[in-house]
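Chemist: If you want the building blocks of each chain, they are given just below.
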Amino acid sequence: MRFATSAPARGGSTRRPLGRTIGHVGLALTVAFAGLALGAGYWQVLRSPDMSREPDNPLVIAAARNVVRGQIVDRNGKVLASNKRDANGEPYRVYTDRTFSTVIGYASRQYGTAGLERSWNSQLTGASNGNPIGDALRKFQRNPYDPQKLTLGISSALQQAAVKGLGSDRGAVVMIDPQTGEILALASTPIYDSSAIANPATQDQGFAAARDNKAQPLLTRATQGLYVPGSVFKIVTDVAGLGSGQITPSTTFPQQAQAEKDGLVVSGFRIHEHPGVPSETFDLTTATEWSSNIWYALAGLRTGGDNLASFAARMGFGKPLDFDLPTASSQVTNPGGTGPGGFSDLVELANASYGQAETLVTPLQMALVACTVANQGILMKPHLVIATTGRDGTHKVDPAELGRVIGPDTASAIAAAMQAAVESSIGSQFTTGAKVPGVTTAGKSGTAQLGGTGAPHSWFIGFAPVDHPRIAIAVIVEKGGRGGARAAPLAGDLMSLFFKQAGS
Amino acid sequence: MTAATASLPAIFGGIRPRARWRETKLLAVVAATILVGSVSLELTRQVAVPGEATGLHPANPLHLAIYLGLLLVAHVVLILSGRRMDQILFPTVAMLGGISLLLMERLPRNLVVQSVGPWKLGLGDVQLAWLILSFVLATGLAVTVRSDRWLRLYKYTWAAAGVALLLATFVLGDEVNGQRLSLTLGPISGQPSELLKVILVVFLAGYLSENRPLLVEESTRVGPISLPPLPFLAPMVAMWAIALGIVVVQRDLGAALLFFTVFLALLYAATGRPGYVVMGVLLFLVGAFVMYQLVPTVRVRVDIWLDPFKDRTGTGYQVIQSLYAFARGGLLGTGLGAGLPTVNGVLPIPAVHTDFPLAALGEELGLVGIMAILGLFLVVIERGLRIAASAADDFRAILAAGLALVIGTQAFIIAAGNLKLIPLTGITLPFISYGGSSLLVNGIIVGLLLALSDRGVEPPPPPRRPGRLARLTGLGRPAAAHPGPAAARSGPSVPVPPRTPSGAAELAEPGGGDGG
Amino acid sequence: MDPFLLTVWIVRILFLGLLYLFLFRIARALVGDLRAAAREPGAELGRLVVVTSPAGEPAEGTSLALDAIATIGRDVNNAVVVEDQFVSAEHAILTFRGRNWYVEDLGSTNGTFINGSPVDGVAPVGFGDVVQVGQVRLRLERPRSDAGRR
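Taken in order, these protein sequences are the chains called A, B and C.
Numbered per my numbering, the first sequence finishes at 505, counting up by one with no gaps.
Numbered per my numbering, the second sequence finishes at 537, counting up by one with no gaps.
Numbered per my numbering, the third sequence finishes at 587, counting up by one with no gaps.
FYI, nobody ran anything at the bench for these hints, they're computed from the structure.
It should be emphasised that the depicted structure is a prediction, and the values quoted were computed from it without experimental measurement.
Worth double-checking, as some hints may not be accurate.
Once the Cα atoms are required to be at most 20 Å apart in a straight line, the calculated EDC-like pairs of lysine to aspartate or glutamate come out as [said to hold, decoys possible]:
| no. | chain 1 | residue 1 | chain 2 | residue 2 |
| --- | --- | --- | --- | --- |
| 1 | B | 441 | A | 55 |
| 2 | B | 441 | A | 75 |
| 3 | B | 331 | A | 51 |
| 4 | B | 331 | A | 57 |
Just chain A, with the same shape it has in the complex (with noise of 0.2 Å):
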């Protein structure tokens, strides 16, 4: 915009500048404006899809009260999730499996969404599906709503077995297809009956029963419950070790032989060795069979707290992971430490580096780890729902690369001691059952500590076969004891049960 005075400036002459500066606040107002269409364009079209799916929208709500939710099926098409009307016509949820509980959630009138039916809701509800360009051709149509059906990467076989074998114990089992981020089980026991907080009639009392239940079953322990790790942390300070290149395979501590028996000292505090580990100097895969903490200490102190701390972010520790259900974040250590990695102190990072100390841990997230061990070093991000379908047909979630963590060899040196740690005779004492028959498999049992009393939870992470891996997994079993008592024969039983399905 320019700003003709009457009289431009010639030859002398000069008019009052008022003209010019008018103009400069003219120019002022013009970029004032400018920024504004900017700023409707970035709310309008840019953040116009996350936005129109937040669960308070009225949109998403306005929808929800009238049009009949998509269906939840499950890898092989069964119905997990459906519809019926009541006396008045109006529709409600029904769900088919019990198992299936902690993932799906539920949808209630009264009380509103969990799950997947609230993290998916726009869809289910029809009120977007995420397309961008689909949400803005959909508007044209006489009804705009389209729920879509989801399909689910979960196999029912395996997330019932998952949930028998838990048992009357509270746990989670994770099983991921490292290759491309698939869940194919995500158990947490307890369960609790979606179908009766879905029911109009009984969603009082199936409410309230889910939420008194001592043992918080609203709670979905696969993906919000941090647990101390134990043993199984040392496949972290494997990644870390290796990954940095502080440690090889063949790495050795001198003083480890002595230290076995008398224990390790750091920082004036004292380190001991679990029962039954000789007094012998390991490397990367014997430490693994044995599970030797003090290795594992050496091991840790030598990466340096730094990074320990970053081979684990580059996992997802340190923050909630972006996945289809909210979860917690896992942690290597309590924020705020002032040491390197944020540890507070040197004695915190060794007991850390074994699975002690303050580290806690998400099922999904230990899950992860054996992925990554599993995928050639590179993480696939972890998805339910493999696929949407609605008025305009299937659309495949693809597979997405979170990021490449370490190298092919170093994964592959990490899984030859997961090898051992299952196959190898040393190995087998602590990870009983986990091997699947005529399946090469890795993996790791832990045991974790809480201090006090009580029985220690029972871990096993692991994946099969080790070439090629098809399926990782992530076992707990609260207070289960060791890690081969609970965690380790289930998981092979469940990796078995997946051989089995998938006829290899």
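Given chain A, work out where chains B and C should sit, using these hints.
Modeler: Here is chains B and C on its own, set in the frame of chain A:
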């Protein structure tokens, strides 16, 4: 202004109509647009109730007819006045008014209920009534204001009146939501802060145009920084203090921001010294910081601007709903009347007709529509600033610029608040928001701008140089003249203080049509 | 897509289109005005041609466009700035009233002259007359394009 604006033969003696073809054509487009918009609104209503498609007709034919009739009458009056005024300003404002009517028609009728005699007037009715009054006022001012003497000479009277009005609102105002914004005199209640904006601009125009040379050339040096000359520093800081006062007492953040911004912009326009702007911005930042610490309302507003999602259902609710509305609109919008999904029959955005009309329009007209509306405001600003740039003297230039800035800056502030670009303030979107005071005052502004754009209006008196004391008191009594830097070089003859011009400054108005 | 819905959307798009038509016409008018203003050297009411200027400011021979009111003097805020030691800060003022030009001396030290005769108060100036302030002589001329007068 082409040769097409020839005058028609004189009617009834004094009246000499002058054709305004450009305005006519633009108003025709406005009429068509509002008509189509009204039909669109009606069609959307029919979609919601399927099977009752009654064809293409406007949503509220009576309102439409009255409004278009109003535009026609105003246009004819402007033609009959024979004055050569800007032809683009009025149609643009008419378009904004039309959009406002469509929006008020679309919103639930019972958002506002006013009983007048036997009739119950709803939202659309009341807004139409105010629009009529506003345009009547604008047209009236445009054709009757021939001299700016009453504005120019009595600037301190204006200032005093403004301060009195402000104080009256401080003390006697009605408290609503912790803000003292309106004054009730009997049956009439209005927001004086709206009128205050115009008074401020009138005062500043007089003050700045008179003291311009001093402000441009002199400074008080404080170390390396040059500030405005000391006698003028005081009014500037006083201005700042008044703005802060408004924030503290009235909790009217929008008005304070508006006053201060317009003041700074006019100061820059008059002096061309960026140093003043820098100083002003610094003062603003300091003031804002202090206000943030001291005044809880300010703190709440800034917090929800930074992260409205922290308090989704409480203080942040309004802003979040506004953003949702924009997001739902997308590129083309949902169509007039098709947006704003109600939950339990309640509109999602509270106070949508006063504070968030842009969000509603954003949802229903999309990004395309919002850019058009922003464009309309830019046109209003551009016309106002052009009138300023080609005004005959400094007073008129600053006055016109100030008036244009009031509309433009206000639109910017509320639009930016809706879009979470700056903290939300409770001011109205000119011509589009519901609100009688706002419409009336904006009508006054448009009327004045049109009057100022007339090239035949009385030429201003030549510049005078009253003495320093007189300058400070603004009484204009000639005293010993300020010598000025050029006089330092004395001429060869005996230096004699130049005689100040006698009062023969007032020029007679050039008689009739053709003069300027 | 059913025909009714199609109609509804056509009308909606039409509404947006008309909004833009409005803006477009204004833009066209603005651009046209700018071009006209650039082509025409401005609506002048008159010009001052510098006949004599010993100090060189304004330069001799230059032609200065005039508005309805033009102040002449040494001060930089004048419309016509004249550098000459015999010229006062505010020397004279040229105004156009009705159909004629007038010059008024603003109480300058050394006076203002039209064609050599001193000016007392206000005096009319015709096209071709020479106004003298100090040692600088300026001749009032007609505007460049007479038709530009609006």
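Chemist: Next step is simple, just say for each hint if it's right about the structure.
Modeler: Each hint, compared with the structure:
1. Distance check on the hinted pair: residue 441 (chain B) and residue 55 (chain A) sit about 18 Å apart at the alpha-carbon level, within 20 Å; holds.
2. The hinted pair formed by residue 441 (chain B) and residue 75 (chain A) fails the criterion: a straight-line CA distance of about 42 Å is larger than 20 Å.
3. As the CA atoms of residue 331 (chain B) and residue 51 (chain A) are separated by approximately 17 Å, the hinted pair is consistent with the 20 Å bound.
4. The hinted pair formed by residue 331 (chain B) and residue 57 (chain A) meets the criterion: a straight-line CA distance of about 14 Å does not exceed 20 Å.
In summary, the one numbered hint that this structure violates is 2.
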